[in-house]
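Spelled out from the first residue to the last, the chains are:
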Amino acid sequence: MITTAVLICRDLLGPSMLDPLSLAETLGAAQDRVAVIDRLCAAPASAGRAVARLGARRAVVAVCDHGAQLETLAARLGRSGLDPLGMEPIVLGPVLAGDDGVSRAGRLVRAGLARLDAGPRDDPATTRLRFADGPVDRRALLTLPPVRYTPVAAVDETTCVGTERCGHCVTICPFSAITTTEGRARVERTSCASCGLCLSACPASAITLPGASLAEHEAGLLAADIEGNALAFVCERAAARLAYDEIPPPWLPIEVPCAGMVTPGWILQGFAAGAGDVAVVACGEDCRCSAAVQVDAAVEIARDALALTGIDRDRVHTSRTDRRDALGVFAEPVAEAIAGIVPGPVVLREPLATTSAVTAIASALGTGSDTQLETRRTPSIGIVDASATACTLCGACPTACPTGALRLDEDQGTSRLEFDPARCWACSSCISICPESALTLRPGIDLAALLVGPTALVEDTIARCARCDAPIGPRSMLERVVALIDDDNAMLRVAVTERCVDCRGLVGPSSLP
Amino acid sequence: MPVTDESESTEDGPPHLADVAAARALVYSVMGRLLVTPTEERLSTVRDALPSLLVALAVAPELAAFGASQPLVARLEDPRAFARSIDDYTVLFVSGQHPGCDLTLSARLAPDAGAAVVRAASASLRRAGLAPQSSSTTPSDHAATLLDLLAHCCQQEGSAWEDGDVARAGSWMRQESSALTEHLVPWLPGVADRVARAAPASLYTVVVDTAARVCRHDADFLAALCESVEGAE
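Protein sequences appear in the order of chains L and E. First residue of the first sequence? That's 1 in my numbering, and the numbers climb one at a time after it. First residue of the second sequence? That's 514 in my numbering, and the numbers climb one at a time after it.
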C-alpha cells in the first residue's frame with residue numbers, strides 16, 4: 001500500500017514547464033506514487049478520489065502558486081482518508097519557470113516526501129481540532145462543520161530529561177505554553193502556537209511538532225540534495241509574502257514555522273551538506289514570537305564559527321525586516337560549496353549540530369586546530385574542565401548533564417570522568433550540582449578540543465575491600481570522606497576506606513592496624 | 514506514472530451530526546466487543562459488523578478518530594484476524610503474566626484507590642441509564658464496559674440530533690466527554706504501549722492501540738463540538 005502520494009496540478013505540465021517524464025526521472029523510485037490532477041489548485045473533488053484510490057495517508061501537493069485553495073484542498077483530502085496533518089503543499093509554478101526548474105522541483109518534492117515519511121501526522125498528542133465555520137446551528141441543518149487540524153508540540157516523557165536538569169523549552173516558549181508538572185515539561189495544547197522554538201531548544205530531541213520536527217527536517221534536507229546549491233531557511237510567514245520565483249536558483253527554500261527555531265548548528269549543517277551560502281529569512285518586526293534576538297544570535301554564532309575554520313563569514317545571510325530585505329539576500333552572488341566537504345548525515349539536534357558541522361568543515365579544510373571561539377552572545381556550546389585535586393569522581397555531574405557530555409566510566413580498577421566537547425550544551429547543570437566546586441565551564445567553541453574528541457578529565461584508581469576484594473569507590477572520594485572524620489575515630493576510617501558496604505558492619509577492634 | 518484525467522465532480526454535502534454520532538457508536542461498540550473475553554459467537558458478531566463499520570467510517574473520513582480506526586479495519590479484513598485471539602486474550606489480560614496490560618484501571622491500583630475508580634465508573638454508567646455489572650470479568654471500569662458506555666451515549670446523542678434537540682445532544686456529548694477524559698484517556702494509551710511490547714503481532718495490539726487513539730482524537734472532537742453546541746444552545 002502506498003502511504004505517501006504526490007499530487008501534481010495538471011497546469012504545471014507543459015512544454016515550457018514540467019513534463020511527466022522529466023518529473024518521473026527526478027523523483028526516481030517515488031514515481032509510482034504520483035497522480036496528476038486537473039485544476040488541483042482549485043481543490044477539485046477528483047483530488048480526494050485520487051488519494052482514496054492510491055490508499056495514501058499522506059500527500060505532497062504540488063500547486064501552481066500561492067493562490068491555490070489549500071484549506072479547501074486539505075479538507076477534501078481529509079475526507080478521502082488523509083491523516084489530519086498529512087498534506088505537505090509545495091508551490092512549484094514559479095520554481096519550474098526558473099532556470100533548472102525541473103531539477104529544483106524534483107528536489108523540493110523529494111524533500112517533502114522525506115519529511116512526510118519521517119514523522120507521524122496522526123498522533124492525537126500533536127494534533128488539535130477546530131471547526132472552520134463557527135458553531136453548530138439550525139441554519140447549518142445540524143451538520144458537521146468543516147474540520148481543520150492544526151499541529152501542536154508534544155513532549156515525549158520517556159525522552160525528556162526533566163525540567164530540573166534542563167527546562168530550556170519552558171524558558172524559550174514565547175507563548176508560555178510549556179509548564180512544569182512534577183519535574184516534567186508539559187505542553188498546554190490550547191496555548192501552543194506551533195512556532196517550533198522549543199524543538200530546537202531541546203537537547204534531548206524530546207519534542208515533536210508535525211511538519212517541523214527535527215527528524216522531518218533532517219530527512220527533508222538530506223533528500224533535497226543541497227550540494228552545490230544555497231540553502232534558505234524561510235519563516236512560513238515570510239514565505240507567504242514572497243513569490244517563489246523571487247527565490248532564484250541555486251537557492252533552495254526550506255520553510256520553518258519560525259526563523260527563531262533555526263540554530264547556529266542548522267546553518268552550519270547547511271554548509272556541511274554542501275551549500276555554498278545559507279540564509280535565514282525571518283518574517284520581520286511583527287514576528288509573533290519576537291524571535292529577532294534568536295535569529296541574530298544564531299546567525300552571528302554561525303558566522304563566527306565559520307570564520308574560525310577560515311571560511312568567509314559573509315556566506316551566512318539574514319533578513320528580518322521586510323520583503324525587500326529578503327529579496328536583497330537572494331540577489332547576492334552565491335559561493336561554491338566549501339572545498340573538500342563530503343556531505344554526510346544531517347544532524348539538527350544541538351549541540352551536536354554545531355559541533356559536528358564545525359568539525360566536518362575544519363577537517364575538510366585541514367585548518368583551525370589551534371583556535372577557539374568564545375560565544376558570549378548565546379553560550380550554547382561549552383568546554384568543561386575539572387580540577388584533578390578537587391574532583392572526587394562522585395558521579396553527580398554525569399547524572400545532571402542533560403546531553404550526556406559528561407560520563408563516569410569505571411573499568412579495570414579505574415574510575416574516569418570523561419567529557420565529550422561535541423555534546424556540551426554549556427547549560428551549567430554540572431557546575432551547579434558539583435559538591436566540591438571542582439568544575440569550570442568555558443562557553444564557546446574550542447576547535448582543538450572538538451577535533452580531539454572525548455577526553456578523560458579526571459582519573460583515579462578504585463579502592464577495593466580488604467576483606468572480599470569488592471570495589472569500594474575512587475580513592476580520591478574516600479580520602480575526601482576520611483578528611484571529614486574525626487582523627488580519633490579509627491574504626492570508622494577503616495570501615496570507610498578498607499571495607500565495602502557489605503563488609504563494613506564486620507569492622508571491629510581486631511580490624512585496626 | 515499514472516496521470517488522471519478526471520473532470521471535476523460534485524461531492525456529497527457535509528454529514529449530518531446524527532450520522533456521525535451513529536458511526537462513532539458503531540466504532541465504540543466494535544472495539545468494546547473486541548475487548549471482552551472472546552468467544553466464537555462474539556468474534557462472529559464482529560466479523561458480521563465489518564461491512565457496516567466500513568460504511569460508518571466513510572460518513573466523516575475527515576475525522577481523525579475515523580482515520581485512526583483504519584488499521585483495525587485493515588486487520589479485521591484479514592481472514593486470519595482472529596487466529597490465536599482467544600489464547601492471546603487469555604495470556605495478555607487474564608493470566609496475570611503481563612500485569613501492566615490489565616484492561617481495568619482498578620486492578621493496578623491499591624484496593625482503596627481501585628474501589629474509588631470503580632465507584633466513579635459505576636456512577637458514569639448510572640448517569641447514562643445503564644446498570645453497573647457485578648461481573649468480575651468486566652467490572653464498571655473495564656475498558657470494554659466504558660467503550661460500551663460510549664457507544665450507548667453516542668446512540669442517544671444521535672437520536673437527539675435526529676430530533677433536532679441540540680440541548681439533549683449536548684448533554685449526551687458532555688457525558689461522552691467526561692467518560693473519555695475521566696476514565697479512558699488517562700490510562701488506555703499506557704496500556705496500549707505495554708500490550709504492544711508484550712505481544713507486538715497480536716490482534717490486541719491493534720485493538721488497544723486503535724482504542725487509545727480513537728479515544729484521544731474523539732475527546733478532542735467532542736471538546737470542540739461541545740463548545741460549538743454551547744454557542745448554539
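Check before you lean on any hint, since a few could be wrong.
[Unchecked claim] Selected chain E positions facing chain L (Cβ under 7 Å, derived; list incomplete): (1) 528; (2) 529; (3) 535; (4) 567; (5) 571; (6) 575; (7) 620; (8) 622; (9) 733.
To be clear, the hints were calculated from the coordinates, so they are not data collected in a lab. Nothing here was measured: the structure is a model prediction, and the numbers come from that model. From the three backbone atoms N, C-alpha and C, an ideal C-beta is built for every residue, glycine too.
Now the hints, each set against the structure:
no.: 1; hint: 528; verdict: holds (5 Å)
no.: 2; hint: 529; verdict: holds (5 Å)
no.: 3; hint: 535; verdict: violated (12 Å)
no.: 4; hint: 567; verdict: violated (12 Å)
no.: 5; hint: 571; verdict: violated (9 Å)
no.: 6; hint: 575; verdict: holds (4 Å)
no.: 7; hint: 620; verdict: violated (23 Å)
no.: 8; hint: 622; verdict: violated (18 Å)
no.: 9; hint: 733; verdict: holds (5 Å)
In the structure shown, a violation is registered for the earlier hints numbered 3, 4, 5, 7 and 8, in ascending order.
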